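Trainee: Top to bottom, those sequences are chains A and B. Just so you know, the first sequence maps onto residues 1 to 130 in this note's numbering. Just so you know, the second sequence maps onto residues 1001 to 1349 in this note's numbering.
Simulated from the structure, these hints should not be mistaken for lab results. The structure presented is a predicted model; accordingly, all values stated were derived computationally and were not measured. Careful, some of the hints might be misleading.
To give a feel for the contact side, a few chain A residues facing chain B, derived at Cβ under 10 Å [claimed, not checked]:
no.	residue
1	ALA2
2	ARG6
3	GLU41
4	VAL43
5	HIS44
6	GLU46
7	PRO48
8	ASN58
9	GLU62
10	GLU64
11	SER65
12	VAL66
13	VAL69
14	VAL88
15	GLU92
Have a look at the derived ranges for each label pair, beta carbon to beta carbon [to be verified]:
no.	chain 1	residue 1	chain 2	residue 2	range
16	B	ALA1318	A	ALA122	55 to 63 Å
17	B	ALA1271	A	ALA128	52 to 60 Å
18	B	ASP1141	A	GLU121	47 to 55 Å
Below, simulated PhoX-like cross-link-like pairs (lysine-lysine); rule was C-alpha separation at most 25 Å, straight line [as the list claims (entries may be wrong)]:
no.	chain 1	residue 1	chain 2	residue 2
19	A	LYS67	B	LYS1346
20	B	LYS1254	B	LYS1127
21	A	LYS56	A	LYS107
22	B	LYS1341	B	LYS1266
23	B	LYS1342	A	LYS67
Backbone N, C-alpha and C define an ideal beta-carbon position, used for all residues, glycine too.
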Amino acid sequence: MAAAERYPDGLKYHPEHDWASIHGEEATLGITWYAQDSLGELVHYEPPDVGATISKDNAYGEVESVKAVSDLISPLSGEVLEVNQAVVDAPELVNADPYEAWLVRIKLSDVTEPDSLMDVEAYTKHLAEL
Amino acid sequence: MQTLARTPLYERHLALGARMVPFAGWEMPVQYEGVIPEHRAVRTDCGAFDVSHMGEIELEGPRARELLQSLLSNDLDKIGPGRAQYTLLTNEHGGIVDDLIVYTIDPFRFLLIVNASNRGAVFEWMKEREFRGSDVRDVSDDYALIAVQGPRSIERLGLPDAPSFTFAMGEIDGVECMISHTGYTGELGVELMAMNEDAGELWDRVLERGAVPCGLAARDTLRLEVCYPLHGNDITTETDAISAGLGWVCALDKVFTGAEALREIKERGPAERLSAFVMTDRAIPRQGMAVEGGGEVTSGTHSPMLDRGIGMAYVPSASAEPGTAITIDVRGRPRGAEIVKKPIYKREE
Chain A
1 MAAAERYPDG
11 LKYHPEHDWA
21 SIHGEEATLG
31 ITWYAQDSLG
41 ELVHYEPPDV
51 GATISKDNAY
61 GEVESVKAVS
71 DLISPLSGEV
81 LEVNQAVVDA
91 PELVNADPYE
101 AWLVRIKLSD
111 VTEPDSLMDV
121 EAYTKHLAEL
Chain B
1001 MQTLARTPLY
1011 ERHLALGARM
1021 VPFAGWEMPV
1031 QYEGVIPEHR
1041 AVRTDCGAFD
1051 VSHMGEIELE
1061 GPRARELLQS
1071 LLSNDLDKIG
1081 PGRAQYTLLT
1091 NEHGGIVDDL
1101 IVYTIDPFRF
1111 LLIVNASNRG
1121 AVFEWMKERE
1131 FRGSDVRDVS
1141 DDYALIAVQG
1151 PRSIERLGLP
1161 DAPSFTFAMG
1171 EIDGVECMIS
1181 HTGYTGELGV
1191 ELMAMNEDAG
1201 ELWDRVLERG
1211 AVPCGLAARD
1221 TLRLEVCYPL
1231 HGNDITTETD
1241 AISAGLGWVC
1251 ALDKVFTGAE
1261 ALREIKERGP
1271 AERLSAFVMT
1281 DRAIPRQGMA
1291 VEGGGEVTSG
1301 THSPMLDRGI
1311 GMAYVPSASA
1321 EPGTAITIDV
1331 RGRPRGAEIV
1341 KKPIYKREE
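Please put together the full structure from these sequences, using the hints given.
Mentor: Here you go:
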């Protein structure tokens, strides 16, 4: 059920353990293996509304395990285009594969903003220092 | 700095990959593989919990029974040697100092198994009221306690069937222990009390027989599904036994501390009742959340068996009827729930 620890190449990473996959002016966001492992089995995903504006470093939603609630910190700023309904219906998908189970798709407010995020080398170094 | 106490099974928990957390002054396993698989193991097969943090208090002497009858809410005359009873230690206002299980070992010797967080309070309460011929001793440091729970627990341990709330001295694969048919999960099962030095071996034998190690997180979701109250959350010294729905363990026809107050509350009818609810909206209720129209969630979690949010809350008696719709403030978001009959989860017959 639980996935093996991995951090895919080609994603952008935020120090609060969120990832972003950039496609031109759009990005999909999710949480990293480390984040889902720390939280344990997810049982609830409280997504933002479609059309909401979310901003980098701020909370855009919540995920909950049996024991605890955790804010989702946005790695980037933009407008929510789509919420992954599959994860709303089955939050444990995030534990099974945190990179397949994206949380929101956004339209970036600034296409240069992803440059401020970490690549996989920098993020794994960040994890090693925790 | 206060250091956390460790049970005799501490090293074994680490070896099993448990996540350890502080709980009531103890460093305890909150989960091993994960709360959901552990919870399901107990509902479908068999799980083992280290509950050695719980307190054990012994009372001995020709007047021990008399002392307990005057302090505990349930009627000790209903049980003889080899029987156990769920009961409350109440204060003058009918508030709950602790909920506990009393074991009649013989007519002059009793054991109380109390909540870890209340071990000191219960001991002091009893010690202050002790009289000649009723010796009260805290023996918690001598004993470990392992709960083995689930529909296949008795069969896996190779034990003969026995009614719940009975106990006897016995052994599991040669390890001596007191085998008590009690638990906190709503399932068939036993609690095994052993000397500290035997605890490691007992735990190993229990796991070899196929019990899945389970942590405190699963213990909490299991007890909440069957609406067993947790002291400190659902019941406290400020909540009375009648409002908490524990009138069934209060022998109001006998004399004990708080009986008069409880009789009054019962006659008048409590203003609020501890009620069980299931979320109708997608949300997980948590302790401290407000109920619209008055009341507060005292325990809340995600139910692994129902796959939705469940909880208990004190709500005005008028809203306490099963089927009543209530609204819970989930961090600023109003979310619907429905009052249900206790227990929230019941095995399909």
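Trainee: With reference to the structure, classify each hint as holding or not holding.
Mentor: Hints versus structure:
Hint status for A:ALA2 relative to chain B: holds, with the closest Cβ pair at about 8 Å, below 10 Å. Proximity of A:ARG6 to chain B is violated relative to the hint, the smallest CB-CB distance being about 19 Å (cut-off 10 Å). Hint on A:GLU41 holds. Least Cβ distance to chain B is approximately 5 Å, under the 10 Å limit. Of the supplied interface hints, the one on A:VAL43 holds, with its beta-carbon coming within about 4 Å of a beta-carbon of chain B, less than 10 Å.
For A:HIS44, the shortest C-beta to C-beta distance to chain B is roughly 5 Å, which falls under 10 Å, so the interface hint holds. Below 10 Å, beta-carbon pairs count as interface contacts, and A:GLU46 has one with chain B at about 8 Å; its hint therefore holds. For A:PRO48, the suggested interface contact is broken, since its CB lies about 12 Å from the closest CB of chain B, more than 10 Å. Violation of the interface hint for A:ASN58 is found here, the shortest Cβ-Cβ separation to chain B being roughly 15 Å, above the 10 Å cut-off.
With a cut of 10 Å, the hint placing A:GLU62 at the interface with chain B holds, because the nearest CB-to-CB distance is about 8 Å. Checking A:GLU64 against chain B: minimum C-beta separation of about 5 Å stays under 10 Å; hint holds. The interface hint given for A:SER65 holds, since its Cβ lies 8 Å from the closest Cβ of chain B, which is under the 10 Å cut-off. Checking A:VAL66 against chain B by beta carbon gives a least distance of about 5 Å; that is within 10 Å, so the hint holds.
The interface hint given for A:VAL69 holds, since its Cβ lies 7 Å from the closest Cβ of chain B, which is under the 10 Å cut-off. At a threshold of 10 Å, the smallest CB-CB gap from A:VAL88 to chain B is about 8 Å, leaving the interface hint in force. Here the hint on A:GLU92 is kept, as its CB sits about 8 Å from the closest CB of chain B, short of 10 Å. Range check, B:ALA1318 to A:ALA122: Cβ separation about 59 Å, and the 55 to 63 Å hint holds.
Here the CB-CB span from B:ALA1271 to A:ALA128 is close to 56 Å, well matched to the stated 52 to 60 Å. One distance hint, 47 to 55 Å for the beta-carbon pair B:ASP1141 and A:GLU121, holds here, with the actual separation near 51 Å. At roughly 22 Å between alpha-carbon atoms, A:LYS67 and B:LYS1346 fall within 25 Å of each other, so this suggested pair holds. Between B:LYS1254 and B:LYS1127, the direct Cα distance comes to roughly 22 Å. Compliance with the 25 Å bound is thereby established for this hinted pair.
In summary, the hint linking A:LYS56 to A:LYS107 is supported, as the alpha carbons are separated by about 13 Å, within the 25 Å threshold. Distance restraint check for B:LYS1341 and B:LYS1266: the Cα-Cα separation of roughly 20 Å lies within the 25 Å cut-off, and the hinted pair is therefore satisfied. Our distance criterion of 25 Å between C-alpha atoms is met by B:LYS1342 and A:LYS67, whose separation comes to about 22 Å.
Checked against the numbered hints given earlier, the structure breaks hints 2, 7 and 8 and satisfies all the rest.
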